[in-house]
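Top to bottom, those sequences are chains A and B. The numbering used here applies: residue 3 is where the first sequence begins, and numbers increase by one. The numbering used here applies: residue 3 is where the second sequence begins, and numbers increase by one.
Be aware that one or more of the hints could be misleading.
Same chains, same names: a pair is fine if it fits in one copy or spans any two.
To be verified - Under the rule of at most 20 Å between Cα atoms (straight-line distance), these lysine to aspartate or glutamate pairs were calculated in the EDC-like manner:
1) LYS191 to GLU263
2) LYS345 to GLU107
3) LYS191 to ASP134
4) LYS244 to ASP268
FYI, nobody ran anything at the bench for these hints, they're computed from the structure.
2 protein chains.
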Amino acid sequence: MVLSERRSRILAFIVDDFVESAVPVGSQSLVLRHGLGLSSATVRNEMAGLEDEGMITHPHTSAGRIPSHQGYRYYVSSLMQDRELSNTEQMTILHQFHQQARDLEQWAGLAASVLANSLHNVALVTQPRTIDVRLKQLQLVELSDNRALLVVVTNDAQVHQRVLEFPVAVQQESLLRLAGRLNGEFGGKSASDLVVPRKDEPSEGQRQVESIVVAAVTEMLLQEQAAAFEEPVVEGVRELLKQPEFGEADRMLDTLEAVDERRLRDAIPSVEEGGVAVVIGDENREGPYQDMSFVLARYGRPSAEGGGVGGVVGVLGPTRMAYGESVAHVRYVRDVLTELMRKLYGEDE
Amino acid sequence: MVLSERRSRILAFIVDDFVESAVPVGSQSLVLRHGLGLSSATVRNEMAGLEDEGMITHPHTSAGRIPSHQGYRYYVSSLMQDRELSNTEQMTILHQFHQQARDLEQWAGLAASVLANSLHNVALVTQPRTIDVRLKQLQLVELSDNRALLVVVTNDAQVHQRVLEFPVAVQQESLLRLAGRLNGEFGGKSASDLVVPRKDEPSEGQRQVESIVVAAVTEMLLQEQAAAFEEPVVEGVRELLKQPEFGEADRMLDTLEAVDERRLRDAIPSVEEGGVAVVIGDENREGPYQDMSFVLARYGRPSAEGGGVGGVVGVLGPTRMAYGESVAHVRYVRDVLTELMRKLYGEDE
DNA sequence: CGTTAGCACTCGGGGTTGCAGAGTGCCAGA
DNA sequence: TCTGGCACTCTGCAACCCCGAGTGCTAACG
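Based on the provided sequences and hints, a complete structural model is requested.
Encoded structure:
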C-alpha cells in the first residue's frame, strides 16, 4: 500500500506527536503545531482517508487519532528517517563500556543499562552463545573429602560450575591430574564426542570419579547447547512502567509478568543477522506482547563457519515508541558489542 | 509496656484479622468473628485504651482500627505463638531443593523462590560469602593471541572470572604452567599475601603476563572481601505488588525501586547469628522501607574460626505481614541452607 | 474539484451531590 | 463494670451535569 505524499506527511506527524505526548492527536492541534498550509477541516478529511486505509484509529468517536499497528508499520518501513547517533552520543556510550566492562559477563548487563537509560524502555540482552558448543577447559577444585567443584569453560568463553559428589574420598592432587588428562583428551570436543573411557590403570575408585566428571561435563555442554538463549539480562523495567500506557495497577502487574526474564527467553522474536528488526504489536505471536513492540538486533560474529558466537540485543516498549531513536541506539550498541566480541575471540578463525 | 490479658487478646485478634483482610477492623466484626464473650461496646472501650497505649490507630475518625508499628512489635515480641513448619511443609520445601539444586549458585535463587511463593512477599537471599577471602584455585584459558580468561575460585566456592589482555602473545601451554605455578604458590593465601614475584628465569614477556595475572587476582579477592554482601537474589516482586497496600500505580513504582537488588544490598539490616530478626516499619533506618518489614536470618556456619561462610536469607513485605508464618519459613529455609553448606564445605575445620 | 467555514453531535474527565454502610464516642441504665 | 442505644462522622460508590476537544457532514467558495 502506498499513501499520497500529503497523507504520508500527516501520518508521520500523527505518529511523532502521539509518540511524544501519548495523547490522541486532533486535526486542529496538528495544524497548530506543524505549520502545514491547510485548514483543520482538510486535515480531517485526510484523516478520514487514513482511517479508511487502516493507518489510524479512534479510541472513541470524539477523540483524536492514534496510529494503528499498521500505521506504525508503514511509518517504520517507509516514513521514518534512519538516523545515526551523533558523535557525542556515541562517545557517551563507548565511554561507559571502556570504564566498566571488565568481565565478559558484565557486558550484557552494561549494554542493557545503556539502552534502558537512553530509551526509557526495557532493554534486553542475551549472553553470547555459540551454536556449536565445545569444551574449552575444565577445572576441578576440592571442597571437602568427597565433594568437588567442577568449573567448565566453553568455547564461547562462558563459565559454568557444578558441585559434584563422589562415592570415594579424593585429593586435590589427583583431581588436578584428572583435570589435566581430561583437558588433553576432550579439549575442543563437543558433547557428542565425550565418552566415559575404560582405561585399565586407574583404580576402581578413580574410575568412578572420572565417569562422574565426564557425565557432568557432557550434561553441562548439552544443556548449554539446548538453550538457544539463556534468560536475557533485563534492565529498565521501571522506566517502562513509568510510561502512561501502564498507568493502571493491574496493567502494570501484567506487564511485569511479561518482562520476566524466564518469560522473555521464550518470547524473543527471531532476528536475522545484519539488520535491526522491528516487531510491532500484533506481529508478535505471544499474547502479552500484542500491544508492545520489540526492536532487536543480533550481535556477535556471523555464524558462517558454525563457530560463530553471539546473541541478541534490543528493547521492548509500548507500540507508542520512538522507533527511529530505538533503531539507532540498538544498532549502535549492537556494533559496539560485536566489536568487543571480535576483539575477544580474535580477529580470524 | 505490658498489656492486660484481655487487651492482649484483642490486639492479637486485630493484628490477625488485619493481616488477613487488609481492612481496618471494627469492634463489631471482631466480636462476630471470634466468639469473645463481650459486647462490641466493651471492645470499643478496650480499643480506645489500646489506642492510648499506642498499639493501634485510626486511619480516620469512623474507620476500624489498624495496628501501629508499635502494635506489631508487641505482637511479634510477646503475643505471637512461635510455630514450626509441619512435616508436609518441610518435605515440600526439601523436595524442591533436592530436585533442582545442582549448583551452588542456584541455591540462593531456589531458596528465594521457595520463600516468595510460600509467603507471597519478596524474598531475598545473598550468595554465601566468607569474611576471610582466600584463593582456592585459579585457571587461565586462552581466548585469542593476547587475551585470556582468568577464572578464580575462592574458599567460599564462588567462581569469578575476568578477561585479561596481555601485551604479548601467549600460548595455552605456558598459561597452564603459569596457573599451576601460581596455584602452588598462592593457593590458600589471601589478597594481602599476594605479591608480584621477581624471579630471574622467565623472559621479560612472561614476567609481564605473570604480574598482570597476579594483579587481577589480588583485585578480585579484594573486591570480594570489600563487599559484605553482593546484590541479593530477589524473587517474588510480583507477589509483593499484588498486596493491596500497593494498589496505586505510583506506590508500586516506589516499591519497585525499593526492591531493586542494588538498592537492597546496602539496605539489608544487620542480623545476628542464631535467631530470626524481625525489623518492623520505622525500625528501618532507610526511608523507602519505613512502612515495610524485614524478617531475616543468617545462614551458614558460624564465623567462629574466622573461616565461616554464610549469608543472609529473608523476606520483605508490608508491615501488615504474617509474621508468624514468615518467621517459621525463614527459619526453616535458613536451616536447610546451613545444612547444605555444612555438607558442602565438610563437617569440620 | 479541492478546500474551507460552520454547525450539530459525541464522548471522556472532573467536579458535585446524595445516599448507604460501617464505625466511633459517649451516656445512661443494668 | 458491662452493655444497649443513639447521634455523629467519614468513605465509597453511583448518578449527574457540564465543559472542552474533537469529529463528520454539508454548503459555499475560489
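These are the hints, each one checked on the structure:
{"no.": "1", "hint": "LYS191 to GLU263", "in the structure": "neither (31 Å within a copy, 38 Å between copies)"}
{"no.": "2", "hint": "LYS345 to GLU107", "in the structure": "within (15 Å within a copy, 29 Å between copies)"}
{"no.": "3", "hint": "LYS191 to ASP134", "in the structure": "within (10 Å within a copy, 38 Å between copies)"}
{"no.": "4", "hint": "LYS244 to ASP268", "in the structure": "neither (25 Å within a copy, 25 Å between copies)"}
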